[in-house]
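The listed protein sequences derive, respectively, from chains C and U.
Heads up: the first sequence begins at 1 in UniProt numbering, then just goes up one per residue.
Heads up: the second sequence begins at 1 in UniProt numbering, then just goes up one per residue.
These are computed hints drawn from the structure, not numbers from a lab.
These figures come from a predicted structure and were not determined experimentally.
No false leads were mixed into what you were given.
One-sided and incomplete, this derived list gives chain U residues near chain C with beta-carbon spacing under 8 Å: (1) E175; (2) F179; (3) V283; (4) R284.
Ideal Cβ placement from N, Cα and C applies to all residues, glycine included.
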Amino acid sequence: MFAVSKAEKSYLLEAIALGTRVDGRSLLEYRPISVQVGVLPSASGSSRLRLGETEVLVGVKVEVGDVAEASTENIQIHFTVECSGSANADFLGREAENWSSELQSALESAYQAANVFDEDRLKLVPGKFCWVFNVDILVLDTGGNMLDAISMATRAAFSTTLIPRVYIQENDGVFELEIDDNPNACDRLHIHRAPTFLTFALLGNNFVLDPSLQEETSARGKFSVAVDTNGDISYVYSFGLLDGVEMSKLLTIVKKTGKLLLDRLDHSIENDSSST
Amino acid sequence: MDWQQEGMKDPPVVQSLLQQETSFVPSLAKSSQFVAPGDDILSQESVVRGHGTMVQGSRLISTVAGLVERVNKLVAVLPIRARYSAEVGDVVVGRIRDVVSRKWKVDVNARQDAVLLLSAVNLPGGVQRRRTYEDELKMREFFDQDDLISAEVQELKQDGLIMLHTRSLKYGKLENGVFIAVTPQLVKRSKKHFHHLVCGVDIILGNNGYIWIYINESTSNSQEMKELSFPEKQENAKSSLNQKLSVIRVRNAIHILNSYFLSIQPETIMYIYEETIQREIPVRNMLRSDVMYEIYKTVTNTKEV
Numbered sequence: 001m002f003a004v005s006k007a008e009k010s011y012l013l014e015a016i017a018l019g020t021r022v023d024g025r026s027l028l029e030y031r032p033i034s035v036q037v038g039v040l041p042s043a044s045g046s047s048r049l050r051l052g053e054t055e056v057l058v059g060v061k062v063e064v065g066d067v068a069e070a071s072t073e074n075i076q077i078h079f080t081v082e083c084s085g086s087a088n089a090d091f092l093g094r095e096a097e098n099w100s101s102e103l104q105s106a107l108e109s110a111y112q113a114a115n116v117f118d119e120d121r122l123k124l125v126p127g128k129f130c131w132v133f134n135v136d137i138l139v140l141d142t143g144g145n146m147l148d149a150i151s152m153a154t155r156a157a158f159s160t161t162l163i164p165r166v167y168i169q170e171n172d173g174v175f176e177l178e179i180d181d182n183p184n185a186c187d188r189l190h191i192h193r194a195p196t197f198l199t200f201a202l203l204g205n206n207f208v209l210d211p212s213l214q215e216e217t218s219a220r221g222k223f224s225v226a227v228d229t230n231g232d233i234s235y236v237y238s239f240g241l242l243d244g245v246e247m248s249k250l251l252t253i254v255k256k257t258g259k260l261l262l263d264r265l266d267h268s269i270e271n272d273s274s275s276t
Numbered sequence: 001m002d003w004q005q006e007g008m009k010d011p012p013v014v015q016s017l018l019q020q021e022t023s024f025v026p027s028l029a030k031s032s033q034f035v036a037p038g039d040d041i042l043s044q045e046s047v048v049r050g051h052g053t054m055v056q057g058s059r060l061i062s063t064v065a066g067l068v069e070r071v072n073k074l075v076a077v078l079p080i081r082a083r084y085s086a087e088v089g090d091v092v093v094g095r096i097r098d099v100v101s102r103k104w105k106v107d108v109n110a111r112q113d114a115v116l117l118l119s120a121v122n123l124p125g126g127v128q129r130r131r132t133y134e135d136e137l138k139m140r141e142f143f144d145q146d147d148l149i150s151a152e153v154q155e156l157k158q159d160g161l162i163m164l165h166t167r168s169l170k171y172g173k174l175e176n177g178v179f180i181a182v183t184p185q186l187v188k189r190s191k192k193h194f195h196h197l198v199c200g201v202d203i204i205l206g207n208n209g210y211i212w213i214y215i216n217e218s219t220s221n222s223q224e225m226k227e228l229s230f231p232e233k234q235e236n237a238k239s240s241l242n243q244k245l246s247v248i249r250v251r252n253a254i255h256i257l258n259s260y261f262l263s264i265q266p267e268t269i270m271y272i273y274e275e276t277i278q279r280e281i282p283v284r285n286m287l288r289s290d291v292m293y294e295i296y297k298t299v300t301n302t303k304e305v
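Please put together the full structure from these sequences, using the hints given.
Laid out in structure tokens, this is it:
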């Protein structure tokens, strides 16, 4: 467990009450973020993202899967989060499972709630075949606020994901799928609806965006909102004490900051993918 | 916010290591032969293999990234980033990991937790006396779990166990400040580890790479416990904010030194502190990698500190 002494915590709270954080950031400011895309040659789309000390690696693999006849879904997204034991001593043993399942379920719910990708465009054979996206997330280093980091990295990985063009032929009720011979014949996903989390920590009576590990440990409660490029909120996730919180004010902040953040993220993804 | 494509590259550690001698360059070893894991260590016929080396066939190779050190026939590689290895008399900053019978276990960034015996602390009142059972029950009142303390290395046991003591008024629990951990190799052993910087901030440079940055109430005498009128209170809050911003600026200056593997001393910290003030860089921007690199360049181009 990351440790914070009482003296450190009280100093941190005093500073936040005065409007600054112990690393100098203002209350609603992210740490420096850097992102690289296309880092894994064997994945359909991948990214590596650093948010302060937190570092994550995400790979997306695309495959065709079977679906039940009654089902209408055209895509499935499976998330797997693995917390590396070398990132943090907390990840050795049982604690890692708790972390992974928590992050996994938050991502799953956020992606489920938003109709993220244009499903009609990705249609294969309804009730027979669908696209399956396996998103493998590896946490390499922890410095707090893992949820935001992995959701941003996932968005970045999806933005570079290439889906091969598939032709469907039907012979007496038997479907045959054929992949285009040209390896460059691929489609990209539209990611503007892919949700990204913005996490706030409640310290004293103030909310701070993008809490560091120290701030997370000292916080009374935490509050994560999944937002897309339009500023639409798809999912809200909270834990701890959140009494007397002005939700509406917070959500206005989220819409504004979220849009800004995602624009900048997309911009740097574009920069990175055009340079490689 | 800062968005850099190249932001993931490691700071040019080696470059700064091999640069000409300024006090920004940490004094790790006299030699400047830098080796990476697997590199050949060029040496004479018969040598004695030391730490960080391995014999493969007829070759002597390095197992760590570091600087080659030769003492007569002994050849060893000193890793540039490693855990803290203690010496008697070192000043350290540590965090209480656990309270066990008659001793505290303290994290000092070493290979194993250090030990602070109940008999090695100054009890309140300052009288030298036997430690009673009552004292043992009150151990958590002195230092509780997670508390940060400053201490001195009293003794090193045969198996490498570090024994600490706080038997001086300058050691003890740390309050009213912020903590930052850096690479231990960057903090040089010196006569003094408690410093009062000209900007009014105090620092404790632990030999183990743990650093405490704080406002010393007794020297700055800002703490006056009297009833304040409203404008006075405002004034007080303002000065308290300014104090905090100075502390944070020092913290971020140390962070910059640490990221570029530059020696951490009061002089180097203040140099960066003054540099950022001169350039009117607000503390919140000091962690941006472009700003950090800009300062690093200025610092290493100028030879005098």
